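*Asks:* Top line first, the protein sequences correspond to chains A and B.
Quick note: the first sequence uses the numbering used here, first residue 1, plus one each step.
Quick note: the second sequence uses the numbering used here, first residue 1, plus one each step.
The reader is advised that the hints may include incorrect statements.
Only part of the chain A face toward chain B is listed, based on derived beta-carbon distances under 8 Å [claimed, not checked]:
| no. | residue |
| --- | --- |
| 1 | 148 |
| 2 | 153 |
| 3 | 366 |
By construction, these hints were calculated from the structure, which means they are not laboratory data.
Since the structure is predicted, the reported quantities are computational estimates derived from the model, not experimental observations.
Glycine included, C-beta positions come from ideal geometry on N, C-alpha and C.
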Amino acid sequence: MAKENKKTKNTQYLTIKEEREIAKSNRKIMKQFERAKNRKNVDESEFTTQMHDPRNVIEIDNLHTYFYTDVGTTKAVNGVSFKIPEGKIVGVVGESGCGKSVTSLSVMQLVQGPVGQIVDGSIRYTTSEGKCYDIAKMPRDEMRRIRGKEIAMIFQEPMTSLNPVFKIGDQLDEALAIFEPKMSKNEVKARSIEMLEMVGIADQEKIYHNYPHELSGGMRQRVMIAMALICNPRLIIADEPTTALDVTIQAQILELLLEVKNKINGSIMLITHDLGVIAGMADYVVVMYAGKIVEAGDIHDIFKNPKHPYTVGLMRSLPSLSHVVTGSRLYSIPGQVPSPVNLPDNCYFCNRCEYSFDICMEQYPPDYYFEDNHRAACFLYDEKYKDLDLIKPELPRNLTDDSESIMARKIPQGRVVLESETDGFGG
Amino acid sequence: MVKYILKRLGLAIIILLGVSLLIYMLTMAMPADYIDNRTAAAVQSGQMTPEDVLRLKELYGLADKSLPGILKGYASWFSNALQGDLGFSFLYGRPVTQVIKEYVWISFFISLIAYVIEIIIAIPMGIRAAVNQYSGYDYTVSVFSMMATALPSFFLAALLMNFFSINLGWFPLQGLTTATKIFHPSDKWGIFLDKAWHLVLPIITLTLLSIGGLMRYTRTNMLEVMNSDYIRTARAKGLPEKKVINKHAFRNTFIPLVTTLSGMLPGLFSGAMITETVFSIPGIGSMALRATLQGDIPFVMGYNMFLAILTVIGYLISDLMYAVVDPRVQISK
Ligand SMILES: Nc1ncnc2c1ncn2[C@@H]1O[C@H](COP(=O)(O)OP(=O)(O)OP(=O)(O)O)[C@@H](O)[C@H]1O
Ligand code: SF4
Ligand SMILES: [Mg+2]
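This is chain B alone, in the form it adopts within the complex (with noise of 0.2 Å):
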């Protein structure tokens, strides 16, 4: 087991060095860095000359975008990064490690717990869909899902917002904290209230979009277990329906559940990047976009690489679960 892992983390370093070079490379192929967005309006009313902005860009080594020029780039970013310093970012003027550490909690705690809600809502549904094939209630639910998954983010979070904040009034429409609110800085249950309370409506929206997804793959694979010959044998032997389903069906359907949603996991930390812009919260993913609107080079390295290491680990978490809850498969390696 522990060797498996090893060999499994020796092949992750690899994967992610490839993507590191990859996502180097893509980046300093970006039509405009923030050099260029900055200097722009100064170079047109002519108070920077050209020659000057080259000059700054050469300061920050982003004048060379040949490719031996990108390489020689790459090998100073990935050295730094070895020692943990994901570079300066210069849109918001710190540490790239430390801007993430700093508004990565907001984005893990909003998708994890729009991802508690969505596994004690979509996974029951799905198997009484499926338990239930071809019923009213199959059809419905099918059809809502498929939905709520086919709406645009931006376009479900505005019909939430005009909805329940604008005409009902019973959320904010925007922000993490009340502006006109001051509460006393002991108060830390005002606090946590308050910024709940902001924080309803981007769980429902994320909630709301990944639903559709986990209940159809639940129902697709229960589907599928309740067609097998060992249901067949189940209900063979006298066993009550209840049983059937509950013991039998769902312990297998658990299995492709488990890993894919224990895979899952790593991802809660990368954020939502439309969600979380428009509803103006302050997390890892409105920061990652502005970063990226803003040609924010150090920034987007920095936060890509970030969800390569997440997607990485949510993999090998993936297949470790499989071990865990399937008999048939065993790490010996």
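Bound-form chain A, shown alone (with noise of 0.2 Å):
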């Protein structure tokens, strides 16, 4: 009896013991790690590594960063595994707190420690000087290859990001001294300015001798946005860069990054729950739920063909034109995500799925890959249940011209138009 109910216990309590073997392993765990990244002096042959692609400029390859918590393991990154090609954008979505923003600082080697650690994977990156390495197996030390010079990041949080006792002027020439130790004071404040007017800020000496907290939170994030190409990086990425701005600020800012991407020919990293940004932006599109990645591939593929049913019910509860005309509410996919520390043996979506059936509840469904690319983590692709003649999901027929809309929406140049700009200015 004692025994089932420990099998059967709900995940909400812990008994003192339960919680003080959980610390007391917790302590050693992340112990271990701390020490393991805190190493000086480390021969660099330890985390070089070989790009299986050239063309790509990152590859993430099973990716685990976990969480040890009080309450157990989270498992935010639970295998990830996706590239990102020279020059191109690849989105990042999903719902809050499916492992996002977790997956972008691992790369930056930027999680939480000593409670987030990655666990496993690697992420192989090749620097400008031709060197690859592998991020996952860096020493802290090391890090200052990467960050600010190959890959920079833009953050969530346009307002809290910045130093609010430092001068903008001060913030943006740090990140340059750094690297060019070379460049007098001068010189560093000249680029500095030359940032500051390149992310469209007119009034830029004023703004130089401002502090963070003189600007609105779209010029906050522009300062971020020059802060973050000041080293000229080759990969930026952007973790959900417009959540906390209102929506004429948000189209200027994914314009203004597409803008200085082409400038300095660098690829991004984009995140966002939002798949109308995405598909005016990027090129592949990678769907995660519950630290996995569900689908991933072409944009084309993804919007006219998705194959996941989580990423269909993205799809259906983006709001659209549609839903505006026909007054019809807007769809949410019913449910939750799981608890990210007691992940089940099956499908993480399966309590959610219209589509599930027998299997889904048994196992965790590997990778069906379709063309180009295309992959989808779900039970309905396997040959094996062909003869089960399973429905597939698929995009109701006035979703796929909205799609079809959405991403006619981007156009040359990459401008996001919003739908008032369209009406009001089209004809």
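Dock chain one against chain two, each of which comes alone in its own frame, and use the hints as you go.
*Replies:* Here you go:
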């Protein structure tokens, strides 16, 4: 009886003994990882590796990032693999809490330690000098070769991402001065001001001497972009760069991102939970759910021919013109994401999936491949179950048209046009 | 800025007015006053009658303990206080202001040195503990500082006395001067060294008592800052970890530290009652404790007013320092 209770125990409640055991094992594990990361003078060969395809900027392979919290191990990123080809934009979408930010922070080795640790997998990156490193294995000291100069990051929250006690100019100069120690103070300043101009700030001299609190959210995000770009990185990670901003500013910032990407000829990993943003910007899409990738592929494949029930659900919940016209209510996927602490052995989506069948409750689906690297982790596409005549998820007719129209909004330079703009000024 | 300070000073006067009334009423409500204490024996042996005592009390304005009587007494105390006259201490037989002026400096000296040592030790320790959260260093430092903070001052003082002066004989047990040594008045250096030697243990006691609090405060603030988004940005820029901590994180932790520590400055004059008494240091704290025990109402009144003024000044300094160290705070009115 007691044994059975333990098996079916509610994850919300832990006995003191269990808590103590968790804390003890956490401490041990965290110590091990921290020690490995803090090692000094590590031989470069230990974290040097080889790209699988030299055309990629970065290859993330089977990445696992866990948080060793007091209530158990949170598997925030649980076997994520994707790559970013040179000069391309890869969009990462998924609901809140699915591990998008943790994936991007892992790439920068900025996961909140000592609780958060990269426990497995590799992140292969080739520097501008042609050396290929595995970021997942790099000691902390060596990360300076990567951060800022090679990979730069723009964060979700422009309001809190700038240090409140230093002037904008100081914070920009500092970013450049680390990598260009030979530049004089004036040269650095000139470059900072030039960057401010590039991100569309009109009054650069004045802004240069302002404190962050004197700027609006949109302005601060522009400053963040300027800061990220100042050292000409090859990869920009933008973690929901527009979520905290209002709609008109959003469009401007996205447009700016595209513009500067073309100028520095870099790649972008664009994280968002807004499929509309992805449609207007990305070349490839990665859909994440509960720390795993459920579907990935070319933007056209994903938008016209989504395979995974979750992707279809996301598309159906996209607010678009048709909802406004027909007055129908916004769709939202029913149910909740499973707790990342106690992940089940079955498909993580099965409790919310309209298409689920027997096998879904028994094991986690592997990846099934379609044309052009389009893949989805769903048993519906398993040859074994072909005879079952399973209903496959499909976009409703009006939505296929919509997704066409959403994608069509990506005008040649990649400018995202707002609905109101096309309506108001189009004719 | 000037306007703001004037406004704050005006407010301070109102606060002090209320506080002084409150203190006066509480002091008058003390169960036995100086005259009771001094005459108790005489009354018992029949040398004085209760009527004599009452007449004495009337002389000192302590007889009428009804509310109007107290208020009347307060009014006269207050008008004198406005002219800088805090009354005449029964116990010390001198004006209260004179006693305070004379004994406050030794207290200030001890507290100031303890304060400086505390800052030098506690802040780097707090930062290091925060940067290495959950490490052995963090746990050890936290446990020791909590222990030192939790010990009552008289107990800690007794421990130190037992160990360093009785067992090891390194430092004198009590007092401020060595009674058996006679210094020539011109031997200023010798006198100074002798006094300093006597003050080592009291200073260690005060430092140990306060270090834990400041260390925990630094640690908490530093941890909060280290978890903030702008620290992540600083790291993402590629700054070396040293610079992230010493420049970006510390400059932000600095704000609450400076405001709190500067607000504590006036308090250095207030004396350490227990520690001074245990070590028999003639500072303002031990004087006040003696006066309180003996029911020396004018001195207790005067000393408490002195503390109230120090506290109010401390808050003012603390608020002004915010504007100095935090660019987001601007004092315009
Ligand atoms: N510092 C942390 N400590 C413990 N758990 C964390 C921490 N940071 C993230 N997590 C866990 O990792 C999971 C993924 O979080 P993440 O921030 O990557 O989500 P996200 O996809 O970026 O969501 P959002 O759209 O809200 O930004 C969450 O479920 C959260 O519980
Ligand atoms: S595997 Fe089953 S439950 Fe999971 S998404 Fe596919 S059909 Fe739904
Ligand atoms: Mg996020």
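*Asks:* Give a verdict on every hint.
*Replies:* Evaluation of the provided hints:
1. 148: holds, 3 Å
2. 153: OK, holds: residue 153 (chain A) within 8 Å of chain B, min 5 Å.
3. 366: violated, 35 Å
When each numbered hint is compared with the structure, a violation occurs for hint 3 only.
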